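Visitor: For reference, the chains in residue letters:
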Amino acid sequence: MSDVTPKYKGSVLRPLKALANLWREPATLPMEPRPAAPNYRGFHLNDWKLCIGCGTCQEICDNAAIRMVQIPDLPTDAKAGVKPRRPAIDYGRCCWCALCVDICPTGSLSLSREYIHVSSDIDSYFILPDEKGIHGLGFEKGWSKSETSDLLDHQRQEMECLPAEEALSGFGELVPGYDTQAAVLEASRCIQCGMCHEACPTGMNAPEYIRALWQGDREKAVAEIYRTNPLAQVCGRICTHACETACSVGRRGAPVAIRWLKRHAMDSVPPDQIREIAIAGKAEEPSGRRVSIIGAGPAGLTAAFDLAKKGHAVTIYEARSKPGGMMRFGIPEYRLPYHNLDADIDVIRASGVEILCNTAIGRDVSMAQIRGASDAVLISTGLWAARSARVPGTDHPRVLSAIRVLEAITQGEDFGVPRRAVVVGGGNVAFDVARSVARLQKARYGEVAMDVIALEDRDHMLADEEEVREAAGEGIDLFNSWGPKSIQINDGSIVALETVRCISLKDAEGRFHPKYDESTMVSHAADTVIEAIGQSADTSYLGKELVEALEWSRGRLKIDRAGRTSEPWLWAAGDMVEGPDVVHAIAAGHRAAASIDEVLAHMAVKPGNVA
Amino acid sequence: MRPENYKPVRHPPSHEYELYFGPNHPGIEGNYAIRVRLKGDVVQEAITDAGYLHRGFEKIMEERLWVQNVALVPRICVPDPVPMEESYARAVETLGGIEVPERAQWIRVLMLEMSRICAHLFTFGGNAATIGLYTNMFWGVTMRDLFLDIFEEITGARIYHMYITPGGVRRDLPDGVLDRLAAVLDELERKKPEFDDLFFENAVVINRATGVGVLTQAQALAWGVTGPNLRACGLAHDVRRDDPYLVYPALKFDIPTATSGCSLARMHVRRAEVEQSVRILRQVMERLRTVGGPVRAHLPNPLAWNVPAGEAYARTESSKGELAFFAVSNGGPKPWRIQVRGPSQMHGVQVLERILEGARIEDVAQIMFSLDACPPEIDR
Amino acid sequence: MTSQRASVPAQLDHILHEMSEVRVTPKGERRVRVDLAADRLPTLLQLLKGHGGFLHLSSISCVDWPETDEFELVYHVWSYESKMLISAHTLIAKSPGRFVSVYDIHAPAGFYERDIHEMYGVHFEGSPNLNKFILTSWHGPPPMLKSFDTRAYVDETYAWRDYNPQWLKDIAAKGGGIEE
Numbered sequence: 000m001s002d003v004t005p006k007y008k009g010s011v012l013r014p015l016k017a018l019a020n021l022w023r024e025p026a027t028l029p030m031e032p033r034p035a036a037p038n039y040r041g042f043h044l045n046d047w048k049l050c051i052g053c054g055t056c057q058e059i060c061d062n063a064a065i066r067m068v069q070i071p072d073l074p075t076d077a078k079a080g081v082k083p084r085r086p087a088i089d090y091g092r093c094c095w096c097a098l099c100v101d102i103c104p105t106g107s108l109s110l111s112r113e114y115i116h117v118s119s120d121i122d123s124y125f126i127l128p129d130e131k132g133i134h135g136l137g138f139e140k141g142w143s144k145s146e147t148s149d150l151l152d153h154q155r156q157e158m159e160c161l162p163a164e165e166a167l168s169g170f171g172e173l174v175p176g177y178d179t180q181a182a183v184l185e186a187s188r189c190i191q192c193g194m195c196h197e198a199c200p201t202g203m204n205a206p207e208y209i210r211a212l213w214q215g216d217r218e219k220a221v222a223e224i225y226r227t228n229p230l231a232q233v234c235g236r237i238c239t240h241a242c243e244t245a246c247s248v249g250r251r252g253a254p255v256a257i258r259w260l261k262r263h264a265m266d267s268v269p270p271d272q273i274r275e276i277a278i279a280g281k282a283e284e285p286s287g288r289r290v291s292i293i294g295a296g297p298a299g300l301t302a303a304f305d306l307a308k309k310g311h312a313v314t315i316y317e318a319r320s321k322p323g324g325m326m327r328f329g330i331p332e333y334r335l336p337y338h339n340l341d342a343d344i345d346v347i348r349a350s351g352v353e354i355l356c357n358t359a360i361g362r363d364v365s366m367a368q369i370r371g372a373s374d375a376v377l378i379s380t381g382l383w384a385a386r387s388a389r390v391p392g393t394d395h396p397r398v399l400s401a402i403r404v405l406e407a408i409t410q411g412e413d414f415g416v417p418r419r420a421v422v423v424g425g426g427n428v429a430f431d432v433a434r435s436v437a438r439l440q441k442a443r444y445g446e447v448a449m450d451v452i453a454l455e456d457r458d459h460m461l462a463d464e465e466e467v468r469e470a471a472g473e474g475i476d477l478f479n480s481w482g483p484k485s486i487q488i489n490d491g492s493i494v495a496l497e498t499v500r501c502i503s504l505k506d507a508e509g510r511f512h513p514k515y516d517e518s519t520m521v522s523h524a525a526d527t528v529i530e531a532i533g534q535s536a537d538t539s540y541l542g543k544e545l546v547e548a549l550e551w552s553r554g555r556l557k558i559d560r561a562g563r564t565s566e567p568w569l570w571a572a573g574d575m576v577e578g579p580d581v582v583h584a585i586a587a588g589h590r591a592a593a594s595i596d597e598v599l600a601h602m603a604v605k606p607g608n609v610a
Numbered sequence: 000m001r002p003e004n005y006k007p008v009r010h011p012p013s014h015e016y017e018l019y020f021g022p023n024h025p026g027i028e029g030n031y032a033i034r035v036r037l038k039g040d041v042v043q044e045a046i047t048d049a050g051y052l053h054r055g056f057e058k059i060m061e062e063r064l065w066v067q068n069v070a071l072v073p074r075i076c077v078p079d080p081v082p083m084e085e086s087y088a089r090a091v092e093t094l095g096g097i098e099v100p101e102r103a104q105w106i107r108v109l110m111l112e113m114s115r116i117c118a119h120l121f122t123f124g125g126n127a128a129t130i131g132l133y134t135n136m137f138w139g140v141t142m143r144d145l146f147l148d149i150f151e152e153i154t155g156a157r158i159y160h161m162y163i164t165p166g167g168v169r170r171d172l173p174d175g176v177l178d179r180l181a182a183v184l185d186e187l188e189r190k191k192p193e194f195d196d197l198f199f200e201n202a203v204v205i206n207r208a209t210g211v212g213v214l215t216q217a218q219a220l221a222w223g224v225t226g227p228n229l230r231a232c233g234l235a236h237d238v239r240r241d242d243p244y245l246v247y248p249a250l251k252f253d254i255p256t257a258t259s260g261c262s263l264a265r266m267h268v269r270r271a272e273v274e275q276s277v278r279i280l281r282q283v284m285e286r287l288r289t290v291g292g293p294v295r296a297h298l299p300n301p302l303a304w305n306v307p308a309g310e311a312y313a314r315t316e317s318s319k320g321e322l323a324f325f326a327v328s329n330g331g332p333k334p335w336r337i338q339v340r341g342p343s344q345m346h347g348v349q350v351l352e353r354i355l356e357g358a359r360i361e362d363v364a365q366i367m368f369s370l371d372a373c374p375p376e377i378d379r
Numbered sequence: 000m001t002s003q004r005a006s007v008p009a010q011l012d013h014i015l016h017e018m019s020e021v022r023v024t025p026k027g028e029r030r031v032r033v034d035l036a037a038d039r040l041p042t043l044l045q046l047l048k049g050h051g052g053f054l055h056l057s058s059i060s061c062v063d064w065p066e067t068d069e070f071e072l073v074y075h076v077w078s079y080e081s082k083m084l085i086s087a088h089t090l091i092a093k094s095p096g097r098f099v100s101v102y103d104i105h106a107p108a109g110f111y112e113r114d115i116h117e118m119y120g121v122h123f124e125g126s127p128n129l130n131k132f133i134l135t136s137w138h139g140p141p142p143m144l145k146s147f148d149t150r151a152y153v154d155e156t157y158a159w160r161d162y163n164p165q166w167l168k169d170i171a172a173k174g175g176g177i178e179e
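Protein chains in written order, with numbering that gives the first Met the number 0: chain A, 0 to 610; chain B, 0 to 379; chain C, 0 to 179.
Derived by calculation from the structure, the hints in this document are not laboratory data. These numbers come from a predicted model, not from an experiment. Hints are supplied without guarantee of correctness; some may be wrong.
From chain B, some residues computed to sit far from chain A (all C-beta separations above 12 angstroms) [claimed, not checked]: (1) Y5; (2) P7; (3) R36; (4) K58; (5) D148; (6) Y159; (7) E193; (8) T289; (9) L298; (10) L302.
In silico DMTMM-like cross-links for lysine to aspartate or glutamate, where the CA-CA straight-line distance does not exceed 25 angstroms [to be verified]: (11) K173/C to E332/A; (12) K333/B to D72/A; (13) K140/A to D174/B; (14) K131/C to D144/B; (15) K58/B to D68/C; (16) K321/A to E284/A; (17) K173/C to D178/A; (18) K144/A to E44/B; (19) K58/B to D169/C; (20) K26/C to D144/B; (21) K82/C to D148/C; (22) K145/C to D129/A; (23) K219/A to E165/A; (24) K131/A to E178/C; (25) K140/A to E44/B; (26) K144/A to E98/B; (27) K140/A to D241/B; (28) K190/B to E24/A; (29) K78/A to E179/C; (30) K131/A to D148/C; (31) K93/C to E62/B.
For glycine and all other residues, C-beta sits at the position ideal for the given N, C-alpha and C.
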């Protein structure tokens, strides 16, 4: 190593060298502030058009210098995950670390190159930054978001999916769910902004259950889930997850897999423990009220669970052989295994709900009987009547409705597995039926021969993207922007579906009114056509008298916000009145139950009803 | 102790008296005081008095998320903040088993060596000021400012960079910054003869600092002295070489030592270290032109990042000596314990007290500064 | 003797062989963790210094573990010869919170013991100076204890300053304002 021990003795004349500086140019610096570096961390800028008011900047701020301010005249959009609030910065506390910039999910925040603020007015140090900066001078951005600087974890924990070949070989569940490690890592991606809570029709406590999962407390997660959702095994699998659309992390990365986390919580806690958690808080004394619910779908089951927990005696009348409604007979088993649905329903039963299956109104029991035996009645019978395109040939017996085919598959009935089929429709039901039938084709004929005809173009598909992608992997051919023209029948058998090019979907007023280019036609060879273009409610069971007494609006039963019909004893909920999916039905079930409970509280007890 | 609470000890009427150095004194980088008992102009006893800069960092760090502390650590030592960032980040990386991408390691060394040069430039100025030479201070600070411009360009801030983060650094280098740094290094080397004239070859300095405040190697080892102060007594120990971190093993540099252990020897060691840092920086800049890749490891969302339970002791060679962060995690989102072991805790307290005994009053400030103690590091 | 000595150098192994009830855990290339009972600690430091060249006490760390009512003391010693850091961990009961000073083995201990005494309230018998150092004007409990809540202290002691700039008044007039 180098020894630098001083040896030099020095000379008194050395400092005189400094005299040479007399001839140097003086060092003069200008008085005005020097421009800051391009990367400078000066006062904040916030692009209000990008900012969604999630408040993550406030969470990361190490000095509590950021406070969220509610601004009433700002736009708000729960579905898109936008709150009418913006961050305000306290420059008495800020240390310009720019962690707020690095974590901002939208990239709206940045620090500017402006760095001078002098004032004796203390209030001037608390600012609500916009894109023009603290003094409105429009300084350019300094430290701002870059591709690599994000503090958020933008990568979702991967969810495995059965390979197409294996998926096609049966009705086994497509996705296995997260293991514990993946679930904790995925849960750690959540920033607890609560956008999902607002976006969910049921207002679920997703931030709370995600945080609980991250902390390893799965029981607490289940308890949080049950606060708003008694069909969590179902929703953890097939929910349309509006929450993930609103998720702030999804602004620049993949949204938190909120649905899979719910599923993980439900899958990892044993059933009897779930039951205990779910039923906790049930009224100890029966109320003496009796509520009848018609239809054991998601709306009816949810309302039944809520009402039973309040101490009311609840009976559900279900026409089919098993409860669940569309969840059982509409959604294919590979997306929602029956035992998971049964697990949710078992908990609902355990809360005290009585479910009478194979009991159709008008056939096994009359509406009047039910009304007479109940303090309140809720109808939630869904949409089971299939719509038809009504083009020439749709009256052929091998033109089937998607909902009938799906029901037959669940029931194990033989509906005649087609050799070549065409599904008409571009929504999730179309893909459910196409993929279910494809599995049967594979089993029976060894190959898939399935076309799906959708009116929408590829970028505006109604079905979920993953459905479309997985279907393609399973050998199903999708034809976009085509509409059915006619069905070719030869010797009494269907041979093909003729389709024409769809050139526009909506008219000038935005109403559904497809226009076709009749000159462009394509023929799809098929022996069976399956229509999946929508369903309607069949309300004939209500009886003529009640149908006439009730108020209707455009063919739908008219209800108030809580689901109450024009008859004071009758509520309606679910697809038959609102739609469009399970989670909305659950939300409607909650609303109806709350309304019923409130009305019952103010009603005299019918004699003989006290248990 | 607050100055208003200070009650001088009443001594019998004699030639013994007490002086209170500080808490604001040019002989110290920061607020710090020394009670000096004198007989004539010879120090009989010196008692250090800290606490003016106590900000409770170790306590506050327990209440913040792992990533939030990145904003806190550089503040522990104003003149040399980068080793603080490096030690903290490395402690967290050790706990979390995080691998720092190679490019980030080179950038960190760049930052560390620039910080060392800045700190030493500061010390030259301060040390000269204690013996009445202020030009050095102005020149040192001016030179340092050129480095601060580079820091500002890279990190967006001049002093508290908050740039090194667990897993790497927060941003990649801006375009062209290496060329501008090269120009600053050239300027530093061009100015070197002038600094030498002003300080190291200045008879005033030589006569005032030679043989003053001597620390023998045995004393230095017994009292836990590290860094340039230890090397000035002849022991070539440097954490960068003996307990290496980042890419230091891939770099060529000497460890300057001196044998006399006096104030001037310590300053000579620092001067030679600046030369070595320039040498290191030139190698780093060369490598940074070719080494690509990410500058930050992929880490979980900082709001919900549980660092695995365990403990880590991350040592860094700062401009003042051995800096270490002892970090304990209980597996939670916040540190359970962070201890800052600043080198000045040794040479700024017990060592200073001993070395001042027998010194003359006019040398007290000079000795204090030649040890290059950083009071905020002691106070934390 | 309970130890996993796999990657502990022979020289160190030799020293630790003289000690009983010591658990040795290699933690990396130049880091070894040693766990031992508090009463054995001075002996270990003495042995390491005398026979292993562990001359440099880098620092003493204190960790508060309220769940077990213990303090963990960690002595970090470095050898300039073998270029290795041994961290010796030991636990002492929080009550009475007394331990022996190692000042006569390692003089730097004077500073660390004084610091730990001030911040955690541990009393080191034989330490040369346990007078207040940093917190001379502080009369509360040792602040580094987990039981001392900084935020609560600040809330009790100081008033939070509120701002009321014009823009905030305008927003408040429309029904908005700062979210709590």
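Visitor: If a hint holds in the structure, say so; if it does not, say that too.
Guide: Evaluation of the provided hints:
1. Y5: With a cut-off of 12 angstroms, Y5/B remains clear of chain A, as the shortest Cβ separation is near 31 angstroms.
2. P7: holds, 38 angstroms
3. R36: holds, 31 angstroms
4. K58: holds, 14 angstroms
5. D148: Violated: least Cβ distance 8 angstroms, not greater than 12 angstroms.
6. Y159: Violated, because the least Cβ-Cβ distance between Y159/B and chain A comes to about 7 angstroms, which does not exceed 12 angstroms.
7. E193: violated, 8 angstroms
8. T289: holds, 19 angstroms
9. L298: Nearest chain A Cβ is 7 angstroms from L298/B, so the label is violated.
10. L302: The claim breaks: L302/B does not keep its Cβ more than 12 angstroms from every Cβ of chain A (closest is about 6 angstroms).
11. K173/C to E332/A: violated, 52 angstroms
12. K333/B to D72/A: Measuring from Cα to Cα gives roughly 38 angstroms; hence the hint is violated.
13. K140/A to D174/B: Between K140/A and D174/B the Cα gap is close to 17 angstroms, so the pair holds against 25 angstroms.
14. K131/C to D144/B: violated, 38 angstroms
15. K58/B to D68/C: holds, 19 angstroms
16. K321/A to E284/A: violated, 29 angstroms
17. K173/C to D178/A: violated, 49 angstroms
18. K144/A to E44/B: violated, 56 angstroms
19. K58/B to D169/C: Violated, at about 39 angstroms.
20. K26/C to D144/B: violated, 41 angstroms
21. K82/C to D148/C: Distance ~40 angstroms between K82/C and D148/C Cα, so the pair is violated.
22. K145/C to D129/A: At roughly 41 angstroms apart (the allowed maximum being 25 angstroms), D129/A and K145/C break the hint.
23. K219/A to E165/A: violated, 36 angstroms
24. K131/A to E178/C: holds, 24 angstroms
25. K140/A to E44/B: violated, 56 angstroms
26. K144/A to E98/B: holds, 24 angstroms
27. K140/A to D241/B: violated, 43 angstroms
28. K190/B to E24/A: holds, 16 angstroms
29. K78/A to E179/C: Holds. K78/A to E179/C sits at ~24 angstroms (cutoff 25 angstroms).
30. K131/A to D148/C: With Cα atoms ~40 angstroms apart, K131/A and D148/C exceed 25 angstroms; violated.
31. K93/C to E62/B: holds, 22 angstroms
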